[in-house]
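> Now for the letters of each chain:
There are 2 protein chains.
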Amino acid sequence: MNIAIPLFEGFTALDAVGPYEVLSRLPGATVSFVATEPGPKRADTGRLALLADHALGELPRPDVVVVPGGPDLSAPMNDEPLLAWLRAADQATTWTASVCTGALLLGAARLLTGRRATTHWLAIEQLAGFGAVPVAERVVVDGKLITAAGVSAGIDMALTLSARIAGDQVAQAIQLGIQYDPQPPFDAGSPEKAPPAAVEWLRTGRRSVLMSQTEMSG
Amino acid sequence: MNIAIPLFEGFTALDAVGPYEVLSRLPGATVSFVATEPGPKRADTGRLALLADHALGELPRPDVVVVPGGPDLSAPMNDEPLLAWLRAADQATTWTASVCTGALLLGAARLLTGRRATTHWLAIEQLAGFGAVPVAERVVVDGKLITAAGVSAGIDMALTLSARIAGDQVAQAIQLGIQYDPQPPFDAGSPEKAPPAAVEWLRTGRRSVLMSQTEMSG
Numbered sequence: 178m179n180i181a182i183p184l185f186e187g188f189t190a191l192d193a194v195g196p197y198e199v200l201s202r203l204p205g206a207t208v209s210f211v212a213t214e215p216g217p218k219r220a221d222t223g224r225l226a227l228l229a230d231h232a233l234g235e236l237p238r239p240d241v242v243v244v245p246g247g248p249d250l251s252a253p254m255n256d257e258p259l260l261a262w263l264r265a266a267d268q269a270t271t272w273t274a275s276v277c278t279g280a281l282l283l284g285a286a287r288l289l290t291g292r293r294a295t296t297h298w299l300a301i302e303q304l305a306g307f308g309a310v311p312v313a314e315r316v317v318v319d320g321k322l323i324t325a326a327g328v329s330a331g332i333d334m335a336l337t338l339s340a341r342i343a344g345d346q347v348a349q350a351i352q353l354g355i356q357y358d359p360q361p362p363f364d365a366g367s368p369e370k371a372p373p374a375a376v377e378w379l380r381t382g383r384r385s386v387l388m389s390q391t392e393m394s395g
Numbered sequence: 178m179n180i181a182i183p184l185f186e187g188f189t190a191l192d193a194v195g196p197y198e199v200l201s202r203l204p205g206a207t208v209s210f211v212a213t214e215p216g217p218k219r220a221d222t223g224r225l226a227l228l229a230d231h232a233l234g235e236l237p238r239p240d241v242v243v244v245p246g247g248p249d250l251s252a253p254m255n256d257e258p259l260l261a262w263l264r265a266a267d268q269a270t271t272w273t274a275s276v277c278t279g280a281l282l283l284g285a286a287r288l289l290t291g292r293r294a295t296t297h298w299l300a301i302e303q304l305a306g307f308g309a310v311p312v313a314e315r316v317v318v319d320g321k322l323i324t325a326a327g328v329s330a331g332i333d334m335a336l337t338l339s340a341r342i343a344g345d346q347v348a349q350a351i352q353l354g355i356q357y358d359p360q361p362p363f364d365a366g367s368p369e370k371a372p373p374a375a376v377e378w379l380r381t382g383r384r385s386v387l388m389s390q391t392e393m394s395g
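If you read the sequences in order, they're chains A and B.
Numbered according to this note's numbering, the first sequence spans residues 178 to 395.
Numbered according to this note's numbering, the second sequence spans residues 178 to 395.
So here's chain A without its partners, still in its complex pose (with noise of 0.2 Å):
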């Protein structure tokens, strides 16, 4: 089983790594990182670069596309070729997958008409602009099509998909070899748990919110 995860200028690192992590351990499974243009993809903080190491002509039918998001989409968004080689693999593939802001690249390439697909928080009224039927949530499985919602949530949809390519058992050994028994120490990560401070910090890229709503309660 052939397993792409396109890659382009200023994806988010973690919606690429965390579903290779999960499925680069089913067994039978080969990743591969591609790129319109093979070589070293900077992710969008600028600190982190992926090689891409093939290009996308090298797997034109994989039987499982991954597509990572990223907070500025204004390159793969215009990466004709990118586009065209997503709307081709798609005829042929088993399942197509996003992450994140991923399900607007998949959106650009038209295959989201109609569709039940999800993405980050910030992004989901964008959706409907792609024709596709949002849903708030985590993971959404619509056909073969499954999308993720922001960033992490690529761990839940590749355990997800896991199962139903390889059965529970497998996934459920997955998840055990990356020991994912999430433990995270506050319980803050969908806009309707946050502290509404947060949810505006990341709405309005000010920080000073924090301070101020701070004060307000204080």
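No wet-lab data here; the hints were simulated from the structure.
It is possible that part of the hints are untrue.
Pairs involving identical chains hold if they fit within one copy or between any two copies, as the list cannot separate such chains.
[Claimed, not checked] With a straight-line Cα cutoff of 20 Å, these simulated SDA-like cross-link-like pairs (lysine to any residue) come out:
no., residue 1, residue 2
1, Lys370, Ala285
2, Lys370, Ala340
3, Lys321, Pro217
4, Lys321, Pro362
5, Lys370, Ala232
6, Lys321, Pro311
Starting from the structure of chain A, add chain B where the hints point.
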């Protein structure tokens, strides 16, 4: 604040990228990937390489060090410049951290003597060999030493560390930014919770135990 993540051939990608994704969002923090020899470092699967942008000597005094692990540490365990850098860096860090079997590298650098620490559940008995006190918890803090259990535990560790460095509000906003509201499809992330066959598979490397135990229970 300078945060250094050392890489080496055969590291586990999520061990490094989970904490990177959290800590790179700390206001004022700069995360750098370093190695004895800069350049691409292949992860344990061979299917992914991350670039180490800097030589160890370029970051002699990071404020925070986060050491990833891997299933076969024979290369880094014998990398004397890496161990010497860890030892010297630890003298000036505000936090010294590890994920998964990265703790064993801290042990090899003689930084665990008498310290409470954790690591991947499969390796936890090895900690005592370095004079550490093994603790089977997800995140263990002992003074400025913070160690995480296997692979995915680095995310929980990094959120805990973020709160210590920048306060709960910032850590909660980072958690929301990566939408870390974990919903694994199974509750199999620790050896106490996983099906015995999964534990056996990982302990022995023989996947056939899944089938035989299924038959036994059927």
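> All hints are to be evaluated individually against the structure, with a verdict given for each.
Hints versus structure:
1. Lys370 x Ala285: Neither: 31 Å inside a copy, 41 Å across copies.
2. Lys370 x Ala340: Between copies only: 17 Å across, 28 Å inside.
3. Lys321 x Pro217: neither (30 Å within a copy, 34 Å between copies)
4. Lys321 x Pro362: between (34 Å within a copy, 18 Å between copies)
5. Lys370 x Ala232: neither (41 Å within a copy, 41 Å between copies)
6. Lys321 x Pro311: Only inside one copy: lysine 321 and proline 311 sit 16 Å apart there, 44 Å across copies, limit 20 Å.
In summary, the numbered hints that this structure violates are 1, 3, 5.
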